[in-house]
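Trainee: One letter stands for each residue in the lines below.
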Amino acid sequence: MSEHENHPASQQSIRAEAIESLLIEKGLLSEDAVDEVIVQYNERVGPMNGAKVVARAWKDPAFKLRLLTDGTRAVEEFEFTGGQVEKLVVVENTPAVHNVVVCTLCSCYPWAVLGLPPKWYKDPAYRSRIVREPRRVLAEFGVQISSSKELRVWDSSAEIRYMVLPEMPSDSESTSEEELAARVTRDAMIGVALL
Amino acid sequence: MDGIHDLGGKQGFGRVLREDNEPVFHDRWEAKVFALVRATGSAGALMNTDQFRHAIERIDPVGYLSHGYYGRWLGGVENLLVEAGVLSQKEIATRALELGADPTWPVAARPVAQPDVVGYESEASDSIRPLDTKPVFRVGDLVQARGVSTTGHTRLPAYIRGRKGSITAWHNGWVLPDSNAHGRGENPEHLYTVAFTGLELWGEDSEPGLVVHIDLFESYLIQNLSKS
Numbered sequence: 001m002s003e004h005e006n007h008p009a010s011q012q013s014i015r016a017e018a019i020e021s022l023l024i025e026k027g028l029l030s031e032d033a034v035d036e037v038i039v040q041y042n043e044r045v046g047p048m049n050g051a052k053v054v055a056r057a058w059k060d061p062a063f064k065l066r067l068l069t070d071g072t073r074a075v076e077e078f079e080f081t082g083g084q085v086e087k088l089v090v091v092e093n094t095p096a097v098h099n100v101v102v103c104t105l106c107s108c109y110p111w112a113v114l115g116l117p118p119k120w121y122k123d124p125a126y127r128s129r130i131v132r133e134p135r136r137v138l139a140e141f142g143v144q145i146s147s148s149k150e151l152r153v154w155d156s157s158a159e160i161r162y163m164v165l166p167e168m169p170s171d172s173e174s175t176s177e178e179e180l181a182a183r184v185t186r187d188a189m190i191g192v193a194l195l
Numbered sequence: 001m002d003g004i005h006d007l008g009g010k011q012g013f014g015r016v017l018r019e020d021n022e023p024v025f026h027d028r029w030e031a032k033v034f035a036l037v038r039a040t041g042s043a044g045a046l047m048n049t050d051q052f053r054h055a056i057e058r059i060d061p062v063g064y065l066s067h068g069y070y071g072r073w074l075g076g077v078e079n080l081l082v083e084a085g086v087l088s089q090k091e092i093a094t095r096a097l098e099l100g101a102d103p104t105w106p107v108a109a110r111p112v113a114q115p116d117v118v119g120y121e122s123e124a125s126d127s128i129r130p131l132d133t134k135p136v137f138r139v140g141d142l143v144q145a146r147g148v149s150t151t152g153h154t155r156l157p158a159y160i161r162g163r164k165g166s167i168t169a170w171h172n173g174w175v176l177p178d179s180n181a182h183g184r185g186e187n188p189e190h191l192y193t194v195a196f197t198g199l200e201l202w203g204e205d206s207e208p209g210l211v212v213h214i215d216l217f218e219s220y221l222i223q224n225l226s227k228s
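Here the protein sequences come in this chain order: A and B.
Heads up: the first sequence at position 137 corresponds to 137 in the working numbering, and the numbers run straight through without jumps.
Heads up: the second sequence at position 70 corresponds to 70 in the working numbering, and the numbers run straight through without jumps.
Rather than coming from a laboratory, the hints here were simulated on the basis of the structure.
Please note that the accuracy of each hint is not assured.
To be verified - Under the rule of at most 27 Å between Cα atoms (straight-line distance), these lysine-lysine pairs were calculated in the DSSO-like manner: (1) A:122 x B:10; (2) B:164 x A:149; (3) A:119 x B:164; (4) A:52 x A:119; (5) B:164 x A:26; (6) B:90 x B:134; (7) A:64 x A:52; (8) B:134 x B:10; (9) A:149 x B:10.
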């Protein structure tokens, strides 16, 4: 179902503006609150944070062990700001296991390490299908997972947030941590892409 | 509640549509809704995340599917602001008409006349509440999820109800959304990650090697099959 065919976003925009203007008049909202949101999520929070975590795990086996044992504490080493994760669990892709993350009930997502989720992650098609036919969904994303692999779907139903530690590309052994981080994509950390 | 939000396993939605180079916000109004959520909290009309999730679950189900993520948030925010008496739906509608709204456009909000009152705010910034009580289940236990639905907020999805799975992790105590969303207290419970096989969830047609892991509160689990 298209989000915009029947109900143009402009109607939602008007409704939001109506509520905004009333709240401003009542002194409950400041004029610059929207700009603060835009700056926060465009500049300070995003998948570049998660990519740094993944790259360090690839380069530093002791950090990787800490990350997989207690993701929340391991990520604190980076001092990310602007998004809270109460408990972060990092799940590792291996030759035997592929992991993918979803929230079927709403759209829970590890904001602190990945920023705000893409639209498709929040849409009914992904939320309904990934727990039932993940291999078909992943194939549509261009990802083929061997039928001999275990496919673990993590449905984020409580306040624990999940992030995938992708397998390191085989040609990147001698690459620096910074260069590795640049190769890590948001989709790989959700589990819908391979690197 | 058995709402439209409970999408796991529903069929017929078709391909997952992705955008190349998707912006963080598609339009300024999406960020505006974000700011409205914060203002709703400051106004005392939104006390916790569970209450917000339930407010979104209570919007018009057709709007839930067609208004998009920030449209759902907008419906939830309007529910809460109206229910708390901060704004009336009439004054919102009047202002929207002044701004050029189409009066036939289906508004998603469905505020109720006698809403729950969440009369407390948590002192903690998180929902982790370590418990002195011992967890009923242990890692490795085979358990069955509760089989019936509830009318209020819950984080037990329909596709898990009545299914058997095994506990793979124990996370100590967490605020219970089923209670906290309605202002009935935090009532923390032990939380577990439970693994359900594709065969158990979807039958013989399941894809091979599928295992769904999901976090479930202790009261969602009705028996310990490994002890019987």
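Trainee: Compare the distance between the alpha carbons of residue 119 of chain A and residue 164 of chain B with 27 Å, and conclude whether the hinted pair is satisfied.
Mentor: The given pair, whose Cα atoms are some 32 Å apart, is violated under the 27 Å limit.
Trainee: Next pair to validate is residue 122 of chain A with residue 10 of chain B; report whether the Cα-Cα distance is within 27 Å.
Mentor: 15 Å, holds
Trainee: Check the hint pairing residue 164 of chain B with residue 149 of chain A against an upper bound of 27 Å on the C-alpha distance.
Mentor: 22 Å, holds
Trainee: Given the hinted pair residue 90 of chain B and residue 134 of chain B, is their Cα-Cα distance within 27 Å?
Mentor: 51 Å, violated
Trainee: Hint check: residue 134 of chain B vs residue 10 of chain B, CA-CA at most 27 Å. Holds or violated?
Mentor: It is violated: about 36 Å lies between the C-alpha atoms, which goes past 27 Å.
Trainee: Assess, step by step, whether the Cα of residue 52 of chain A is no farther than 27 Å from the Cα of residue 119 of chain A, and give holds or violated.
Mentor: 23 Å, holds
Trainee: Can the restraint linking residue 64 of chain A and residue 52 of chain A be considered satisfied, given a maximum Cα separation of 27 Å?
Mentor: 12 Å, holds
Trainee: Hint check: residue 149 of chain A vs residue 10 of chain B, CA-CA at most 27 Å. Holds or violated?
Mentor: Holds, at roughly 24 Å.
Trainee: Would you check the hint for residue 164 of chain B and residue 26 of chain A, treating anything up to 27 Å between C-alpha atoms as holding?
Mentor: 52 Å, violated
The structure fails to meet hints 3, 5, 6 and 8 from the earlier list, while all remaining hints are met.
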